[in-house]
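Q: Join the two chains, each given in its own frame, into one complex according to the hints.
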Amino acid sequence: MSDDVSTQIHEAIESAITENPVLLFMKGTPDQPMCGFSARTVAILQSVGTPFAAVNILPDPRIRQELSTISNWPTIPQLFIDGEFVGGCDIVTEMYESGELQTALGVEDANGGEPAPEPAAQEPAPLSIENRL
Amino acid sequence: MAATDVPATPEELKERIEAGIPGATAAVTGDGHHFNAVVSAAAFKDLSRIAQHRLVYDVFGGEVGGRIHALSIQTKAKASETENIA
Numbered sequence: 250m251s252d253d254v255s256t257q258i259h260e261a262i263e264s265a266i267t268e269n270p271v272l273l274f275m276k277g278t279p280d281q282p283m284c285g286f287s288a289r290t291v292a293i294l295q296s297v298g299t300p301f302a303a304v305n306i307l308p309d310p311r312i313r314q315e316l317s318t319i320s321n322w323p324t325i326p327q328l329f330i331d332g333e334f335v336g337g338c339d340i341v342t343e344m345y346e347s348g349e350l351q352t353a354l355g356v357e358d359a360n361g362g363e364p365a366p367e368p369a370a371q372e373p374a375p376l377s378i379e380n381r382l
Numbered sequence: 002m003a004a005t006d007v008p009a010t011p012e013e014l015k016e017r018i019e020a021g022i023p024g025a026t027a028a029v030t031g032d033g034h035h036f037n038a039v040v041s042a043a044a045f046k047d048l049s050r051i052a053q054h055r056l057v058y059d060v061f062g063g064e065v066g067g068r069i070h071a072l073s074i075q076t077k078a079k080a081s082e083t084e085n086i087a
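If you read the sequences in order, they're chains F and P.
Heads up, the first sequence is in my numbering, so the first residue is 250 and it goes up one at a time.
Heads up, the second sequence is in my numbering, so the first residue is 2 and it goes up one at a time.
The following block holds chain P by itself, in its conformation from the complex (with noise of 0.2 Å):
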């Protein structure tokens, strides 16, 4: 997937969110090292924020922390695949 030498950009974890979780929405900025996610989807509905977030860091596994260097999350159950107008 993404080179690990390449700087990761906010383009990319979107894409990589919106992959990862089915139906997700995503919004995200940073400058390649820290970032912020604002993330949508019906699959968060009735989880915990805890496995929200989870579902969100599994996108990316061990590049958080690493290549990634943080990313903040915040994450939004959406009620229906209807209203993803991304």
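Same shape as in the complex, but just chain F (with noise of 0.2 Å):
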């Protein structure tokens, strides 16, 4: 049953990723992150000015169990980018500091080179949010 239930929740994963261009698995949601380094991420991506999922793994744990087998990655959040995982919170912010995060979105590179924004305390954003679990 609860097999069953991981198994189904591992596919919704699998299926997640593969059509989401851009998809963060975080906690919380990108309105209302629960941690402050999903809070950056989320900043982060804001930033960039990219369109991207996101996934709230707090709901059930065993989306983030599930989610730990596909990546092979201990923490969260998890950005995914046309179907690879990319990196947490460090690498990401790395990234982006760099400009690499920019060439991996295929944007141009605005803020290449600056420091990463600190997440905004609640600043509506345009996103477009697909919660699929």
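There is no bait here: all hints are sound.
Only some residues are given here: those of chain F computed to face chain P with a beta carbon under 10 Å:
1) 317
2) 321
3) 325
4) 337
With the C-beta cut set under 10 Å, the calculated list includes, among others, these residues of chain P facing chain F:
5) 35
6) 37
7) 50
8) 51
9) 54
10) 55
11) 61
12) 62
13) 63
14) 65
15) 66
16) 72
17) 73
18) 74
19) 75
20) 76
Bear in mind the hints are in silico, worked out from the structure with no lab data behind them.
Think of the CB as a built atom: it goes at the ideal place given N, C-alpha and C, for glycine as much as any other residue.
A: Rendered as structure tokens:
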């Protein structure tokens, strides 16, 4: 029974990774991040200006378990671009500051070389959010 | 190894990283739950950032996210062991 649910979650995660060009697994939502690392990663993606889908891993611990078996990565957040695992908050921050993230996302390097933005407290942003789980 | 009911310390994390990754030098700060590790190692050479970070996470296995609530990592590839002056 619970194995069936885990399998369903696993398949839903894999589908989400395949179907969303930019997908962030995070604690909370872009509007209400529940962890500083997730908030920082959201702030970076919003600064770059790329629409991204987000999945909140908090509602069910099995989401995180299954995600980690796919990515082989222990921490949250986790960013996927074009179906590939890119990294967590530290790597996304480094890539943003070097301009690699903007290149990977195919956007102009408007902010490259600048320090990563701190998360805004409550700034509603124009996002396309697709929570499939 | 480390008892699960004892709070983690920056010193413990530093020792375990340096023991777990041959030739690594680590500088670790933290409050017992959230840690930041700057790790230099020759073993990082030619590895992707993801692979470098995985080497560090692998030192702690399932403790990351549990006993070690959060571990931020910055990695640097060291040219050779002779630069290890720690």
